[in-house]
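Please take these sequences and the hints and turn them into a complete structure.
Residue numbering for the sequence shown follows our numbering, starting at 8 and increasing by one per position.
Accuracy of the hints is not assured; some may be wrong.
Quick list of in silico lysine-lysine cross-link-like pairs, DSSO-like style, CA-CA up to 30 Å [said to hold, decoys possible]: (1) LYS38 - LYS64; (2) LYS103 - LYS150; (3) LYS103 - LYS38; (4) LYS146 - LYS110; (5) LYS64 - LYS146; (6) LYS150 - LYS64; (7) LYS150 - LYS127; (8) LYS38 - LYS110; (9) LYS150 - LYS38; (10) LYS64 - LYS110; (11) LYS103 - LYS127; (12) LYS127 - LYS38; (13) LYS146 - LYS127.
Just so you know, these hints were derived from the structure itself, not from any lab.
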Amino acid sequence: MLLFTAGADTTGTIVGAMMAYLLSNSTVYTKMVAEIDAAIDNGVLSTPVPAAAEVSKNCLYYVACVKESLHLCPSAPNIFPHLVQADHAPLVINGKTISVGTKVTSTTYMANRDPVVYGKDADEFRPERWLENNGEAGKVFDKYLATFGYSIRSCLVFPSIQSTTVPLKQRNSIPKTYFGWRYVLLG
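As structure tokens, this is what we get:
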């Protein structure tokens, strides 16, 4: 049962965060929607729900928007603790060597906003960072993105999140009004 319910809050959080970032940045929103529209017009996305692989291949800016939202708004507070292993290089934090067998963890919020990894503008919503240097920058960011954990402990839902909002767009489910609220793009 945990497997079926674990992703509900986290997925909802990231989709909501992405919508908030997009609706507050008209340039990014317009560029992302144009990319999705072009992919639909060119017939490179299955309907009604495209496969994650199709989205990853044909909607690079959209995927960058998803990853940037994951980068800025992690939905889980921390990374699962790990034990410092004897067969790895010593773990040194602020000049202090951490003993083998010690549990260590980090907050995803801080790990995802490391200016050494993401740049001086690590706190700003800028999806373009993932596409810089012909996508090479994104490969580095992917390596350090802590939102869904790492390695064998990573969340199973991440691949599906990349294709979540595209069907919403395809079905025109981003309405101008919803329960009396009006979405306005600020620019």
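Structure-based check of all given hints:
Among the hinted pairs, LYS38 with LYS64 is consistent with the structure: their alpha-carbon atoms are about 17 Å apart, no more than 30 Å. Our distance criterion of 30 Å between C-alpha atoms is met by LYS103 and LYS150, whose separation comes to about 25 Å. The straight-line distance between the Cα atoms of LYS103 and LYS38 is roughly 46 Å, outside the 30 Å bound, and the hint therefore fails. Note on LYS146 and LYS110: the hinted pairing holds, with a Cα-Cα distance of about 28 Å set against a maximum of 30 Å.
At most 30 Å may separate the alpha-carbon atoms for a hinted pair to count; LYS64 and LYS146 meet this at roughly 15 Å. With a C-alpha separation of about 19 Å, the suggested pair LYS150 and LYS64 falls inside the 30 Å cut-off, and the hint holds. Straight-line distance between C-alpha atoms of LYS150 and LYS127 comes to about 18 Å, which keeps the hinted pair within the 30 Å bound. A threshold of 30 Å between alpha carbons decides the hint, and for LYS38 with LYS110 the separation of about 43 Å lies outside it, so the pair is violated.
Restraint check for LYS150 and LYS38: the C-alpha separation of about 26 Å stays at or below 30 Å, so the hint holds. Distance check on the hinted pair: LYS64 and LYS110 sit about 38 Å apart at the alpha-carbon level, beyond 30 Å; violated. Restraint check for LYS103 and LYS127: satisfied, since their Cα atoms lie roughly 26 Å apart, inside the 30 Å limit. Using a Cα cut-off of 30 Å, the hinted pair LYS127 and LYS38 holds, with the two alpha carbons roughly 24 Å apart.
Restraint check: the Cα-Cα separation between LYS146 and LYS127 comes to about 18 Å, which is no more than 30 Å; the hinted pair holds.
Checked against the numbered hints above, the structure breaks hints 3, 8, 10 and satisfies the rest.
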